[in-house]
Amino acid sequence: MDRGTRITFLAMVALLVAAPYVLYPVFLMKVLCFALFACAFNLLVGYVGLLSFGHAAFFGSAGYVTAYTVKMWGLPPELGILLGAVTGAALGLVIGWLAIRRQGIYFAMITLALSQIVFFYAVQAPWTGGEDGIQSVPRGHLFGVVDLQRPLGMYYTVLALFLAGFLLVYRIIHSPFGQVLKAIRENEPRTVSLGYETDRYKLLAFVLSAMLAGVAGGTKSLVFQLASLTDVQWQMSGEVVLMTLVGGLGTIFGPVVGAAVIVTMQNYLAEFGSWVTIIQGFIFVVCVLTFRRGIVGEIMGRFGPKGAAPTGGGH
Amino acid sequence: MFELLGIPPQALFGQLLIGLINGAFYAMLSLGLAVIFGLLNIINFTHGAQYMMGAFVAYLSLTHLGLAYWWALLLAPIAVGLFGILLERTMLHRLYKLDHLYGLLLTFGLALIVEGFFRNQYGSSGLPYSIPAELRGGYNLGFMFLPTYRAWVVVASVIVCFGTWFVIERTKLGAYLRAATENPTLVQAFGVNVPRMVTLTYGFGVALAAFAGVMAAPIYQVSPLMGANLIIVVFAVVVIGGMGSILGAIVTGFGLGVIEGLTKVFYPEASNTVIFVIMAIVLTIKPAGLFGRAT
Numbered sequence: 001m002d003r004g005t006r007i008t009f010l011a012m013v014a015l016l017v018a019a020p021y022v023l024y025p026v027f028l029m030k031v032l033c034f035a036l037f038a039c040a041f042n043l044l045v046g047y048v049g050l051l052s053f054g055h056a057a058f059f060g061s062a063g064y065v066t067a068y069t070v071k072m073w074g075l076p077p078e079l080g081i082l083l084g085a086v087t088g089a090a091l092g093l094v095i096g097w098l099a100i101r102r103q104g105i106y107f108a109m110i111t112l113a114l115s116q117i118v119f120f121y122a123v124q125a126p127w128t129g130g131e132d133g134i135q136s137v138p139r140g141h142l143f144g145v146v147d148l149q150r151p152l153g154m155y156y157t158v159l160a161l162f163l164a165g166f167l168l169v170y171r172i173i174h175s176p177f178g179q180v181l182k183a184i185r186e187n188e189p190r191t192v193s194l195g196y197e198t199d200r201y202k203l204l205a206f207v208l209s210a211m212l213a214g215v216a217g218g219t220k221s222l223v224f225q226l227a228s229l230t231d232v233q234w235q236m237s238g239e240v241v242l243m244t245l246v247g248g249l250g251t252i253f254g255p256v257v258g259a260a261v262i263v264t265m266q267n268y269l270a271e272f273g274s275w276v277t278i279i280q281g282f283i284f285v286v287c288v289l290t291f292r293r294g295i296v297g298e299i300m301g302r303f304g305p306k307g308a309a310p311t312g313g314g315h
Numbered sequence: 001m002f003e004l005l006g007i008p009p010q011a012l013f014g015q016l017l018i019g020l021i022n023g024a025f026y027a028m029l030s031l032g033l034a035v036i037f038g039l040l041n042i043i044n045f046t047h048g049a050q051y052m053m054g055a056f057v058a059y060l061s062l063t064h065l066g067l068a069y070w071w072a073l074l075l076a077p078i079a080v081g082l083f084g085i086l087l088e089r090t091m092l093h094r095l096y097k098l099d100h101l102y103g104l105l106l107t108f109g110l111a112l113i114v115e116g117f118f119r120n121q122y123g124s125s126g127l128p129y130s131i132p133a134e135l136r137g138g139y140n141l142g143f144m145f146l147p148t149y150r151a152w153v154v155v156a157s158v159i160v161c162f163g164t165w166f167v168i169e170r171t172k173l174g175a176y177l178r179a180a181t182e183n184p185t186l187v188q189a190f191g192v193n194v195p196r197m198v199t200l201t202y203g204f205g206v207a208l209a210a211f212a213g214v215m216a217a218p219i220y221q222v223s224p225l226m227g228a229n230l231i232i233v234v235f236a237v238v239v240i241g242g243m244g245s246i247l248g249a250i251v252t253g254f255g256l257g258v259i260e261g262l263t264k265v266f267y268p269e270a271s272n273t274v275i276f277v278i279m280a281i282v283l284t285i286k287p288a289g290l291f292g293r294a295t
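Note that the protein sequences, when read in sequence, are chains P and E.
Each residue of the first sequence is one higher than the one before, counting from 1 in this note's numbering.
Each residue of the second sequence is one higher than the one before, counting from 1 in this note's numbering.
Chain P with its partners taken away, still in its complex shape:
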């Protein structure tokens, strides 16, 4: 990590460690789950240039698997989340394998359509509980030691998972593998001509992203002790796009900031019902028209070193 990133990262950790003494832990955990989800999504859209409109499939189905295995099979939470991650990765392998056959907006439409299969499966399958979802999921004890019923125990577990996921994404982006991903984003035919099998790189990035989305979804189902259809719906795929866009596509901290902004907004506007949708749509429009670099992208563009900020579209 360069100096600026390291300082920002340490400040973020310090803030998040202290936060539950000031703010409501469940709210913070929701932010962290969505921040991890958005980081996973950003790995794909920000660094490979693949816009998935079906990430709710991984997030939501992992939530169901974690909730089901913890509640019905009595698995410990760490195994439940692990199975959620495996579910996300496995689904990511299938959906990614199909979707990388097409580029650009076709990729977006295909991921969206395939995620609808997962959604309708969740509606019809008996074990997902239909409209009710899987309710009162026990949080249990992490490794048999940490009592997750206690808010702080749960909070620091979620924080640890989030930081692990965040650092993993950082590591991936700054590895030789990540360099190839960025090369694909900038110019895929040229990357192919350099001898890289871009499809394999894209698929692996897709699976990693889906796996992390699965970790986020599984964790969220433990935090709220609930897995429901909300998390597999296409609206959820739209929300994670919005969070990443607001924070800044292709920036390390953007998805975290975006998730915090959108979750806070949803919290304050919850009583206004469908106004939330209208305002979210409005933010989409404003971001696309005037604010394409997002919050973090704009800050980096103004104050960061030259060339640090992503360009925000334009081919």
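Rather than coming from a laboratory, the hints here were simulated on the basis of the structure.
Cβ coordinates follow ideal geometry from the N, Cα and C atoms, glycine included.
Treat the hints with care, as some may be off.
What follows is a list of derived Cβ distance ranges for each label pair [as the list claims (entries may be wrong)]:
#1 E:N193 / P:S175: 30 to 38 Å
#2 P:A125 / E:A133: 41 to 49 Å
#3 E:R196 / P:V286: 26 to 34 Å
Derived DSSO-like pairs: lysine-lysine, alpha-carbon spacing no greater than 30 Å straight-line [to be verified]:
#4 E:K97 / P:K182
#5 E:K286 / E:K264
#6 E:K172 / E:K264
#7 E:K286 / P:K182
Chain P is already provided as a structure; the job is to place chain E on it using the hints.
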């Protein structure tokens, strides 16, 4: 009465008809998407919302202005088409030089705004819209009962689809359009006002969605979210057909509607997902789509 594979013919033909009707809507909507995509390189996520607006124009003009179905069929495409032109002039045209994904994100946001607005005003439950008097009743064909309105929907949508095909493939205006799809700079150099053509094309595609919305109003109930789930199915239809060909969009739309109808008869559990599954299969065999050119 004879039976086919253990299914009474009434049920079979009934579902086939429903499939054909759904297919008519898939065809009209995917046609509009394909026309817009061809010239603007934008996938119009607002298409479903504009279809819904068409149905609402029909509903509101009947309840508030007392204008009957036939007026709505004329008014809705004009009104919603103008709304589309406004969107194109104020917002979409700023995005043509950017990555195509921004067009998708912008129209997605617009769809959320429009659908949220209608949900605020009219709630999420469906509003009834009755079949116009001229098209009530039906014919007894011996093996099934054919409601007049449903026959009208199939016939009218076939006419509209082939009319669009004719204009694009067989007239001079269509030739300009196809040329501009291939190379807008060159066509502009020949003195054709391409930006205006782009605007009108978007307006036309949107008007087509609104027309479909009016046709749908008496069949499905008029509700703010009627287009939201439909548009995703239409996306799958577009991926299956490929957007390179107008005729391809029409044939794929009708064909998939019929397949979906048959699925309802033989394996109802899969009727929601069959089109997505077909899309997955087509992607493994012919990634560019049945009628598409490789991108």
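Return holds or violated for the Cβ distance of R196 (chain E) and V286 (chain P) against the range 26 to 34 Å.
Holds - the Cβ-Cβ distance for R196 (chain E) and V286 (chain P), about 27 Å, lies within 26 to 34 Å.
Is 30 to 38 Å right for how far apart the beta carbons of N193 (chain E) and S175 (chain P) are?
violated (51 Å)
Could you grab the alpha-carbon distance between K286 (chain E) and K264 (chain E) and see if it respects the 30 Å cut-off?
Distance of about 26 Å is within 30 Å: holds.
Need the status of pair K286 (chain E), K182 (chain P): alpha-carbon distance at most 30 Å?
Roughly 28 Å between the alpha carbons, so the hint for K286 (chain E) and K182 (chain P) holds.
Are the Cα atoms of K97 (chain E) and K182 (chain P) separated by 30 Å or less?
Holds, at roughly 21 Å.
Has the given pair, K172 (chain E) with K264 (chain E), been kept, meaning a C-alpha gap of at most 30 Å?
violated (43 Å)
Is 41 to 49 Å a correct range for the gap between the Cβ atoms of A125 (chain P) and A133 (chain E)?
At roughly 45 Å between Cβ atoms, A133 (chain E) and A125 (chain P) fall inside 41 to 49 Å, so the hint holds.
When the structure is compared with the earlier hints, violations turn up for hints 1, 6 and for no others.
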